[in-house]
Each structure stands twice: as structure tokens, then as C-alpha cells.
Amino acid sequence: MNEHERIRRAPPGRAAPLRNEWPGAPADHQPPPDAGLEEVIAHTVRLGYEVIGENIRQGRIAADRFSAGDYGVRDVPRDLLALSSRMLQLSRDISTTAFDICGAILRDPTLRAAVQRYTAPPNPAPASGPAGGPWPGQGAAGVPLTYAFKGTRRAVGMPGWLRGTGQPSLLSTAGLWSPDPALPPLRQVALSADAFAIIATVTIPDDQPAGTYSGVVSDALTHQPLGAMTVQVEA
Amino acid sequence: MAAAFELSRPAHQGRFAVTVYQEGWRLGGKGASGRGPSGRIEEHGLHVWLGFYDNAFRIMRDCYGELAAGGDSPFGDWREAFLPDLDIGLFSPAERQGWQKWAAHFPPRPGLPGDPTTKAEMLSLAGYIERAIGLLRALLLECDVTISGGAAAPAPLWAPGMLSDPARLLDAVQALLGRGVFSGAAVLAEALALLGVAIRMVPALFESAYLRLAERVSAGLRGWLEDHLLADDRHRHVWEIADLVLAILVGTFRFGLLTDQRGLDAIEDYECRDWLRLNGASERALQSPFVRGLYDLALAYEAGDPDRPSLAAGQALRGALRMFFGYRGALYWRLRAGMGDVVFAPLYVALRRRGVRFRFFHRLTNVGLAPGGAVAPDRPSHVATLSFDVQAQICGGRDYEPLVPVAGRPCWPSRPDFAQLEDGARLAAQGWDFESHWDRRRAGARTLSVTQDFDLVVLGVSIGAIPHVCQEILARDARWRRMTAAVKTVASQAFQVWLDEDLAKLGWQGPPYIVSAFLKPFDSWCDMAHVIPEEGWAARPRTCVYFCGVLRDEPDAPDDGDVLYPQRRAEEVRRAAVAFLADPARHLWPGAYDSAGGFRWEMLADATGEGPAGPARFGTQYWRANVNPSDRYVLNPPGSSKHRISPLDMSYDNLTIAGDWTDCGFNEGCVEAAIMSGRLAAHALSGLPALEDIIGYDHP
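Protein chains in written order, with my numbering: chain A, 1 to 235; chain B, 236 to 935.
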């Protein structure tokens, strides 16, 4: 190896596991230890409204992005999907349907006013996403990766997850490569966002040798790796 | 190996040129195995892979898949290499007299270990607790005990409608709490059901109510169990497990674990038994074979002293929850052959094919730092040099070829191939032991320099070796000093016997599952008949059995000049094994003894056919003392986790660490922890795999 400038590691995004992502109620929202039943229920309702309020707030941000962006028909914003997913989760967790609570909020002017406090977005929505960006990238929890194939050859893709960036992202890939350097890579890989996942559409030439091919998906703007794709081309 | 596998993935397009420097002639460290006479498998100890080892299985599935895709793989499919098993057992002295055997069958679960997993699919602590309550209720209902007093069963305390009405649920909780004494199986079963439903609600709001309910259920259930099960040997284990689950339940609420941002780390400073005791577990349950078995399997005895059990509560609970409620496919998986054959040989072949280089017979002696003062995350340094003893030179400057074929598959031998080494005949005759910490003989030395010979370093030695190879780091970095002081290791011992009679003939009844909680020093054992076809016997034995346990440290640690130390400890293991077979083993295998009560030594299979008679015949079997610093098993005593350092730590900007001794998210001595750590090390250098893809890293 020739002497060159010393290479340094990049600091990781975080350095510890997330042990418990349920944030709990803020301390000042906790019922006192000896709270009576009515008080506990009051807290339940309060928290329920807060969660609904947060969902409505995020929904509004998503709607703003949707109207301001240039998404195609297939590019359903994941923000809205995340919202509906959270609503479903809410209905399971709070054990009452989100729509019932929404109904109650809409009927009660006092509560409606209270919820409006939570629905104001803290920051103005961006005027538009980056050119060609197929993925709104809301949240850093990750998004599933699925595959579609073009060509006559049979192939299987390994489903995985792409890391979320919390920012709109322009996805890019340099293709899929075999561990055997003698085999040609799969260079025609198009990435698009569907309602439920990122879809890697891989074109497989008729003369492509069978084997396993892998590649990295990265953010074209920051060059951050977001995840890996692996497909197996069958004989 | 996991870090090398990740960094050499084709996805990186050759960004990293990886070279592995390895002491001696084989890979695997504590997981290494070798092939001895008749191609028999010789292990460091007893290895099984638990059904939640998702990262370990992910790597191996990728490895086997890659080799198969390359065509003509001698290793086959990963599903042929790992064999599912659903039964575990305990065999221990009974309370009054005789012996008690307890076996549990764990039903198969959907999926396979290593399947892609989303974060949403990982259980939350509330989810685990809900399953634990379900287990408790099932245990309770499984005991067919008449309700005393003949009282009519109470009306159900909860109804499905409560899931959509928290107020009704809380009403039911309050009503139950107003009942006074909880008694009767039916009331308790209903109370548990109610608790199980309640746990699904938003936890933060109800913790005080849950805690009161859990404590009341716990008190009532303990009373009921004492009345009905304690005198009944058949059901005593139910009582003991229920008692422990109740303590966990109460402790979860009492310590606010459901909402604590630290997850189970919040109780990591407690010793596991102490924490359970604090939350109401009885002494009987704490000393039960079930708990002893968990300590035995984790080799959790400081300095190898059976009177010093030591297991941090948080990780112990995390491990138990994942083991019993987080497995996929089967509870645990046996390896078709040795760890070396099933894990490290395929990894080696796959890595070689990817272009990874291996330098065997390189013993690390020093990690040299750049000049400077004290090191800390805010005052980082870097590795400037890596010094090695070159233990042997390879003839003609070629690469050492480490694998040998046995039964058609590439395997690691138990001894190096001296024919490939310069002056190999002399080294063999003089008995050079390349894996002994105390044998410092060498053929040369070599120092690598940053930017000239390397850019980035993954330090993969075990914690026991750190004081010997990282003197400069320890001198300048207080965190590393605290880590090496806090993270303890323990020596272990193991022996294997090949028998010409199978276990049924020896008098063992039941499936050949892994058995723990037996007598010290060899408290854990497993029938390994399934590996015999992978060995190379001319006349196959009927079975082989592996035993293992901790090995007590001598009062004074041996100095580096005590070259005979490993042989002395190995001889100690041999004597212990012979004594063990001569007497305690009769409780396991009554059929192994003649009419005079002597062990039938002639059952021990000997490939030469010339083995001596009597106890001396044990000399044809295999035993070992794992006393090398890097071979010692890593413990997780209470209060030690916070001193572990993560592979993601930035104190050294060109160094990361890997091993089950690091702060890897699952701080327990096991292959899953080692592989999680290796994947974290790869992430530290390359950004991949994403932390979210390291299964179980983000876990309560």
C-alpha cells in the first residue's frame, strides 16, 4: 500500500441502541400516583387527543408537501401512509377507534380549539422537493424495499429496508455486482417509490450469468448509504 | 469474521481491501473447532445457536447462499447445516431424595432465524410481558386442580369490548382490586387475563394501577400455588416458573421499565437473583434448577466459583425474553458438525472468494498509538502501528492453506499442517503450541504502519487479551482501563466422549436434548450423535456426548513465563472428567455401570483399537481447559455494562472493536453478540449495515 493521507472514520449517526421508543407521557402529564379513576381516565383522554393532534399535524405537513411537490401517480407520499399507519396503531394502542375520537373532537368546540393548538405546523412546509426526488423521506424509521424484474430471466430479490434520512432524498445506485469479479454487473436498475415501498426495477439481460448480485442504494445528494439490494439471478 | 464479511460484501464494490491477521492456524477464537483422530470433531465447548440469533443466522444464510450461487459448494444449504430442536431439559438433585428431570417442549414458531425483520415485528417490553402473562395463565390452567371450597367460578372479569373502552377496563381493575384476597384458580386466571388485556393499553397512564393489580395477582397466585403445587413434585416446576414470572411482572411495573428510555438497562446494576428477590421471588424459585440452569448455560460464575453466581439483571432478562418469546422456527439449533466446520470454514471460503486475504500465524503483540496524552472521545487519537509476532513462516512465501477434507467437506484440523511451515518438522518435534498464550516462540516479527500498510483497524481479540496487546491504550485511556477491570471473564472446561452404546442403552430416558443444572463441574451436557456421520470413523461409535462447565481460577494468575500452565490445567480437567464418569454420571446413565458399580470404560470408542483398559482409556477421548486469555468466556456481571465500549465509539478515529465483550446491544457471551458487534464495527467503518438492519440492536 502506498503512503497517502490518513483515513478517518466518519462519526456514526448515533452511538447507542434505542431501548425504548415509547416516549411515555411527559412528566407533567403523568397522573399522580394515587390518582382516582376519573383522573386517570381524564389523562387517557388528554393523551389520546395529543396523539391525534400530532397525527393531524403531521398529516397537514404531508398534505402541504403533496400539493407543493411534483409527485407522480405512483409516488403516493409516504407521509400519508405513515399517518394512516399511525392511526391504525393508535386504534390498537388506545383501544378506541381514532375516528370516534376525531368525531368527539369535532363535536366539542372546546376540545376542537384545544386540538388546533397542536395542529399548527412548527415550521413552514418546504416549497418543493429536490428535482427528481422520488422519496419524500419523512421520518427516519426506514422504508421497505421490493423488487420488480424486466427481461425473460427468473430472479429473486431479497426484501430489505432502506434507512430513512428524515429529509427528502434522491435515491441512486451504481448497479448490482457479483462477488465474482468476472461476472458482468446488472447496471439497469431504476428506483421508484410506490404506495408501500421503494421498488427496484432490475433489467436482467438474457445472457446474464446466474448468481447473486448486490449493490448499495445511497442518497445522491449526501452520498449516505441507505441500504443494500440483493438479487439472485437463477440459471 | 462478521466485520470482514460485511466490509467485503459486493455492495461495497471493493471499497475495502480486507486482510485478516490470525494467531495460529485456524479461525474462530472461542468458537474454533478442529478435526482430530478419525476426523472426530474437537470443540472448545458445547455450542448451540438459539432461535433468536437473527444476526448470526443472517450472516450464515448469506454466506451459504453466496457459496451455493457460486456453484458446487461442498457446504450445501444452510438448512442442512443447522438442525432445529424444540426440547430442553434440566436434571438435578430432587429436594427430598433422588433426582428430578424436567423437560420442556417449545412449539415451532413462524419464520426462520435471520428472516428479514422490521422493527415493528420486534416485541416491545409490553409485548413480552403480555406473552409472559399468557404463559402464566396457560401454566395455571394446565394444572388440573379443583377449586377449593367448591365455589362457583366467577363471571369473567373482562370482555372483548373492553379493548375499545379503557374506562370499562379500569372499572374492572378497580373492581378486582376491591375484592380483597385473590384466591381460587379461576379468579386468578381471570385476573391474569385482565392484566394481559390491560398491558395492551398505553402503559404510561396506568402504571400505578397495573402495579397494584400485578402485586395483588402475584400475592394471590403465590398463595394458591403454595397450597396446591408445592407438595406435588410433578408440578413444582410450574410453581417455580410462575413465581419467577410474577416477580418479573411486578418488577417491570415497580421499576417503570415499560416507559424507561434505558429499557432493561435500567436494572443492569442489579444482580439478577437480587432483583428477582427484590420483587418478591421466593428463595425456592431462585435456587430452582430452572434458574441454576440459566446461570449454568451462561457460565455465569465469577472466577469459576460456583458460589459466586453473577449475572446482570437487565441483560439476563433481555436474554431470557428473547430466548423464550423471540425465537423463530425452533427454540435452538444444533450444528450439523463443529463450529469450525459449519461456521468458520464456509466464511473462510466465501471471504477468500471475495478477495479477503488471510495472514495466519500472526500474533498481535501491540496496538501502537500516535504520540500524545490522555485519550477520550473528546480527545481522540489513532492507531499508528500494529506489531505482530510471526509465529511461523510459510514455505515459499505462499499463503497457508488451512482446511482439510473430512467426509467430503473442508474442515479445520486440530493441529497445524507443519509440512507447510518452514522448518516444520522441528517445530512439530519441539511441540510449538501456536494457540498457547504462554508459548511465545516465534519465527520473526512484523510491524504495520498506518497509511503504509493499513488505514483502518477492526480489533477482534477478546477482552482477556486486551491487557496484553493494548498496553498503550490502557496507559492513556481511562475508559478502556475501567472496561477491562469491569468486564470479567471466566475459564471453562470441556470434555467429549465417543461411546459404543447409545444413550437409551445407557439408561437415559427421553429425547437427546441439551441438559443443564446437573452437578458441577460439568453441569451442562448434550448428546451429539448427529455429528457422527460427519466424522471419519472406520467403525462409527453409536454416539458422542459433550460436557462443559466453568473452571475455577487458581488463587494467583499465572505469569507469562509459566509455559506449562495450560497443560497443568488440562490435566486437572482430565482428572475431573474421569472422576465425573466414575461416579456422578451414574445418575444420568445408570446403564453405563457394571454390576460392581464401576463405569464400563470399554464403551469409550477408540479408533486405534489399542486403547488401554480402565480409566486410562479416557486418554483416548478429548478434553480441554480454556484458559488462554482470549479463550476465556465473557461474563456480564452487574454494573459492568456501562463500562463496555461500543464499536461505534469515536475515541480512535481509525479503530473500531468487535467481540462479545463490547457494548453491542446484547451484552452476553454468545455468537449472536459477537456477530452483532462485528456488524456494528462494519457500520462504524462503512455506514453499512444500517443500525436498523442489525436485528435486536434497538431492543428494550
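Where hints are given, some of them may not hold.
Going by beta-carbon spacing under 8 Å, a handful of chain B positions derived as facing chain A [claimed, not checked]:
1) 305
2) 353
3) 504
4) 508
5) 537
6) 588
7) 884
8) 889
Chain A residues, not near chain B, derived (Cβ > 12 Å throughout) [to be verified]:
9) 150
10) 153
11) 170
12) 188
13) 190
14) 192
15) 205
16) 207
17) 213
Since the hints were made in silico from the structure, they are not lab data.
For every residue, glycine included, the Cβ atom is placed at its ideal position computed from N, Cα and C.
Status of the hints after comparison with the structure:
1. The closest approach between the C-beta of residue 305 of chain B and any C-beta of chain A is roughly 7 Å, which is under the 8 Å cut-off, so the hint is satisfied.
2. Nearest Cβ of chain A to the Cβ of residue 353 of chain B: about 7 Å, under the 8 Å cut. The hint holds.
3. With its C-beta approaching chain A no nearer than about 15 Å, residue 504 of chain B sits outside the 8 Å limit, and its interface hint is violated.
4. At a threshold of 8 Å, the smallest CB-CB gap from residue 508 of chain B to chain A is about 23 Å, leaving the interface hint violated.
5. With its C-beta approaching chain A no nearer than about 26 Å, residue 537 of chain B sits outside the 8 Å limit, and its interface hint is violated.
6. A distance limit of 8 Å between C-beta atoms decides the matter here; for residue 588 of chain B the minimum to chain A is near 6 Å, and the interface restraint holds.
7. The beta carbon of residue 884 of chain B comes within 7 Å of a beta carbon in chain A, closer than 8 Å, and the hint placing it at the interface holds.
8. Restraint check, residue 889 of chain B versus chain A: the minimum CB separation of about 6 Å is within 8 Å; hint holds.
9. The Cβ of residue 150 of chain A lies farther than 12 Å from every Cβ of chain B, with a closest approach of about 21 Å, so its non-interface assignment holds.
10. Residue placement check: residue 153 of chain A keeps its beta carbon more than 12 Å from all beta carbons of chain B (closest about 14 Å).
11. Consistency note on residue 170 of chain A: stated as away from chain B, and its beta-carbon is indeed over 12 Å from all of that chain's, at 17 Å minimum.
12. Even its closest Cβ contact with chain B, about 17 Å, leaves residue 188 of chain A beyond 12 Å, as expected for a residue assigned away from the interface.
13. Distance to chain B confirms residue 190 of chain A as a non-interface residue, since its nearest Cβ pair spans about 18 Å, more than 12 Å.
14. Every beta carbon of chain B lies more than 12 Å from that of residue 192 of chain A, the smallest distance being close to 20 Å; the non-interface claim holds.
15. With a cut of 12 Å on Cβ distances, residue 205 of chain A stays outside the contact zone with chain B, its closest approach being about 18 Å.
16. Look at residue 207 of chain A: its CB is around 17 Å from the nearest CB on chain B, clear of 12 Å, so calling it non-interface holds up.
17. A cut-off of 12 Å between C-beta atoms contradicts the statement that residue 213 of chain A is not in contact with chain B; the least separation is 7 Å.
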